[in-house]
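From first to last, the protein sequence lines stand for chains A, B and C.
Anchor point for the first sequence: position 199 equals 198 in numbering that gives the first Met the number 0, and the numbering is continuous, going up by one each time.
Anchor point for the second sequence: position 25 equals 24 in numbering that gives the first Met the number 0, and the numbering is continuous, going up by one each time.
Anchor point for the third sequence: position 177 equals 176 in numbering that gives the first Met the number 0, and the numbering is continuous, going up by one each time.
These are calculated hints, taken from the structure and not from any lab test.
Don't take every hint at face value.
Unchecked claim - If you want the footprint, here are the derived chain C segments under chain A, 3+ residues with CB under 8 Å:
hint	stretch
1	233–242
2	254–263
Unchecked claim - The calculated DSBU-like cross-link candidates involving lysine-lysine, where the alpha carbons are at most 30 Å apart (straight line), are:
hint	chain 1	residue 1	chain 2	residue 2
3	A	Lys86	C	Lys147
4	B	Lys49	B	Lys181
5	A	Lys130	C	Lys253
6	C	Lys88	C	Lys77
7	C	Lys253	A	Lys145
8	A	Lys86	C	Lys253
9	C	Lys253	A	Lys125
10	A	Lys78	C	Lys147
11	A	Lys78	C	Lys253
Since the model is a prediction, treat every value here as computed from it, not as a measurement.
A virtual CB, placed ideally from N, CA and C, is assigned to each residue, including glycine.
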Amino acid sequence: MSTPLLELRDLSVRFRTRDGIVHAVSDLSYTLRRGETLGVVGESGSGKSVTSLAIMGLLNRNFADVTGEILFEGTDLLKLSPDQLRKIRGRDISMIFQDPFACLHPMYRVGWQIAEAVRAHEGVSKAAALKRAVELLDAVGIPNAKIRARDFPHQFSGGMRQRAMIAMALVHNPDVLIADEPTTALDVTVQAQILELIDRVKKDFDIGVVLITHDLGVISETASHVMVMYAGRAMEYGPAREIFNAAQHPYTWGLLESMPTVERRLDALVPIEGSPPSLLRPPSGCPFHPRCRYRFEPCDKTLPPLVSIPDGHPDACLLSPERKREIWRERIAAEIGLAS
Amino acid sequence: MTTPKAGAGHEAALVEVEHLTKHFSVKQGVFARGHGLVHAVEDVSLTVKKGETLGIVGESGCGKTTTARLIARLIEPTAGTIRFDGDDITHWSRRQLRPLRQQMQMIFQDPYSSLNPRKSVGQIIAEPLAIHHTEKDRKQRVQELLDRVGLSPEHYNRYPHEFSGGQRQRIGVARALALQPKLIVCDEPVSALDVSVQAQILNLLKDLQKDFALTYVFISHDLSVIRQIADRIAVMYLGRVVEIGESESLYEHPRHPYTAALLSAVPRRTTDGSVSARSRIVLTGDVPSPVDPPSACVFHPRCPRFHPGHCDVELPLLHQFERDHEAACHYPVERWPMTQEELRHAAADVEPAAQR
Amino acid sequence: MGFRGAARRPGDIVRPAEMIFYIAGRLAWTIAVILTVLFVTFLVFFKLPNGSPALRFCGRSPTDQCIQLTTQRLHLDKPFYVEFGYFAKNFFLGDENGWPGLGYSYGNYVSVRSEVLQRAPRTLWLIAGASTIWLVFGVSIGVLSAVKRRTLVDRLAMGFALFGISAPVFWLGLMALYVVWKILGLTGGSGYVPLSDGIGNWLSHLILPWSVLALLYMAIYARLTRNNLLETLGEDYIRTARAKGLPERTVILKHGLRASLTPIVTIFGLDIALLVGGAIITESVFNIQGLGWLAFNGAITQDLPTVLGVVVCTATAVAVMNLVVDIVYAFLDPRVRYA
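Using the sequences and the hints, build the whole thing.
Structure, rendered in structure tokens:
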């Protein structure tokens with residue numbers, strides 16, 4: 000077992016706002032190794048994006064309290080000075096975001112922006128940096144890279160912009176790539192291309208990828224490990240195969256059941272009733288209990304710890320392992336029954 | 000010469016659209032005097048039967064939103080005809096269209112910008128009633144509607160910003176229902192919502208359709224969502240309909256290579272947890288700009304089974320495959336599923352589809 | 000995808016031919032605008048109740064003969080559109096004083112053109128200096144304020160801005176003169192000293208009017224820059240810049256400020272143009288007899304040709320600056336070039 004590239008231990012992020020303290024992330028822990036793709040799944044308000052911003056040091060320390068540990072190759076990033084953190088950002092850990100159109104500066108040429116990324120951490124000449132930028136644009140599949148590098152972002156299509164963002168993230172051969180909803184704003188046929196590109200990059204550069212999304216389909220096709228987040232906490236965490244073969248948490252069951260699938264038409268989707276909770280005043284006990292069909296006596300009093308079950312993976316639910324397996328079997332049967 | 004519309008029961012058609020075309024002109028450049036023409040919708044013909052849901056699916060720039068607006072007569076077409084419940088409304092004036100609005104409503108994608116933030120929920124839903132002077136006791140009707148869409152009647156006095164995205168979308172639905180319309184055009188109504196909430200709204204729409212005998216035109220880029228709600232589907236690409244027909248028929252065996260690629264590209268949950276086991280059909284390049292569409296078959300630059308000299312010269316027309324399934328392709332997909340390699344190679348053996 | 004090798008890339012600088020066409024079109028439009036402005040000025044002038052200029056021209060004891068001659072010479076007995084016709088003809092073809100023909104002042108029968116040409120440099124120097132000061136300081140203060148949002152620095156800066164906007168220029172000017180010149184003796188007094196008299200002297204007489212004129216605009220630009228920059232700093236591409244590991248200074252200036260500049264450029268152009276003939280108070284307080292002062296005096300003595308002369312200058316300045324701003328805009332924001 001190789002040493003982890005990235006390890007989070009009990010990470011918590013609290014925002015100080017006018018209305019009170021927002022518990023964006025609470026007690027989050029995970030591990031990422033080379034060659035792995037960790038899929039972080041969650042809906043809005045789950046804290047999945049905030050976690051990544053915390054890793055990158057992009058949170059405004061005036062408003063955000065970050066506690067816990069973020070270990071990158073052994074070093075705790077939270078203990079570094081802003082300057083030290085800046086040296087790691089974009090060089091050892093890179094991030095790409097959701098909307099590639101808004102993420103590139105509209106007034107500078109694409110090639111120039113990538114070259115700028117090169118020169119942020121290496122003292123090379125402008126010409127050398129631009130050359131490297133063109134190489135990378137070519138490597139990510141932009142045709143006629145040399146000429147297209149002179150274009151402005153609005154002249155690139157959505158898919159190409161995201162490729163350019165990926166090129167920009169890879170400039171210094173980072174060890175970790177964080178992709179925050181990289182395909183959500185893209186067309187489906189382009190989505191496939193980008194996911195394939197990210198996968199190829201992971202293999203070619205031998206890096207670890209954190210892929211944040213709300214789309215379980217994307218996760219199931221690209222992730223080796225999955226963490227399901229809700230209200231800033233981890234609900235379930237384990238190898239992708241296990242999560243999809245034998246999910247253990249009611250929220251995950253709910254997600255799997257409520258997602259429309261392209262495989263077949265169902266008589267009705269089974270939604271999760273209610274809405275995600277307020278992070279200002281999170282529910283007592285388990286954050287999911289108000290919406291949970293299987294809640295019982297202790298659920299509103301005790302916060303379930305993230306604990307592994309025998310022959311399974313860690314989850315944060317108070318139901319017994321036997322009961323979880325039983326419900327899973329019932330649901331599979333019901334799902335087959337629902338298909339018309 | 001028009002191809003006979005698949006599954007046509009003209010007597011049961013609520014909306015009939017023929018050879019619908021819409022071009023927009025754009026100015027190019029500050030100094031240049033050039034004018035570009037956006038071919039937003041090009042020669043689109045389709046019907047929507049009473050009580051059914053027609054899904055229009057496609058990626059950005061395919062013209063699905065423009066088509067929706069044309070059907071709802073929010074804009075006027077450049078060419079072609081639009082018929083609603085037997086009337087030719089293509090060139091009706093705003094005054095003539097007014098009473099029509101009662102029968103044709105729209106739900107929009109963004110629940111955050113489609114509701115007037117300065118009006119209370121009650122006012123928003125009551126507004127169509129006020130304009131069309133239909134109900135005396137509006138408040139009661141509004142509260143009925145609120146209840147019907149799953150909100151509490153007490154929400155009458157609240158303002159949009161106090162609600163979540165899913166709840167706002169319910170308000171939008173209530174507003175659309177207020178006048179008891181025959182047709183509701185839904186423009187990506189669940190795309191901006193969280194997954195768990197999407198299911199709630201889709202279920203709501205389905206229930207309402209049963210209860211009120213509604214007809215839907217449902218626009219989306221999401222094939223999974225469309226499969227759950229549409230009875231028939233039109234697949235659009237660069238302003239044209241490339242495939243249209245009964246939903247299950249399309250999903251089980253798409254005939255147009257674009258539909259095949261689209262289906263193939265949708266990430267799906269594999270219950271055996273295998274990662275990337277599926278072989279996908281991945282198209283190269285991006286969707287071209289509708290300002291300068293390719294010649295003849297608009298899909299030919301990206302098509303895995305492109306035949307030079309044919310596909311870029313002769314425009315393929317919609318050809319009927321089954322009772323309710325048409326596609327416009329010279330070399331349609333002969334079996335499904337297929338891998339990318341198979342798709343590319345089979346092209347050489349296939350007899351060009353006979354055009355009617 | 001629309002890319003065809005050697006074809007003109009849409010984001011490139013445009014071809015000279017297109018540029019010339021465009022400028023020619025704008026020029027024609029400018030002339031039309033100037034003519035309209037002049038016509039309206041004529042209209043206003045003639046519809047206002049006024050004493051007879053001929054009377055005033057003929058001095059203290061006007062003779063009937065003098066009045067009659069003057070009236071004839073200045074076409075004062077004809078309807079205004081005829082006067083305008085004469086004026087326009089002279090304007091475009093030039094009169095005995097040169098081109099454009101602006102006629103003679105009603106007040107002292109001096110060539111308007113020569114007056115304008117003599118006064119113009121003063122105003123232009125005034126504007127040049129003041130605008131440089133207010134742009135540099137205003138934007139810098141705005142940036143500082145935005146970066147140090149809600150701290151003491153920010154509040155002080157915005158407080159100063161409030162002062163600068165509220166304090167009346169004449170009061171500021173007089174106070175400045177009194178304190179800095181009379182009491183401290185640091186600068187030259189009022190009046191304009193031409194450059195030929197030595198740079199030191201010229202500067203010392205201009206430094207106060209520059210500062211006073213700049214103060215008001217500095218305040219406005221500081222606020223404008225602050226607000227624009229704050230909004231820009233919330234954009235996604237700023238987050239990307241930080242994610243690249245760029246130093247914060249680069250993020251703020253190269254990425255943030257650059258994107259916030261466009262509205263500032265637009266306003267800057269217009270502000271400069273309007274000061275041509277518009278800096279009346281400053282010019283009066285400091286006795287810089289520039290175009291603003293000239294126009295003001297012309298207006299109170301109902302000296303139509305003089306007023307028209309300055310109006311022409313201002314209108315031209317506005318039209319030219321509009322064109323310049325548009326061109327600069329296209330350079331700054333590549334999206335504008337491609338429609």
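task: Return the numbers of the hints above that this structure violates; sort them in rising order.
output: none
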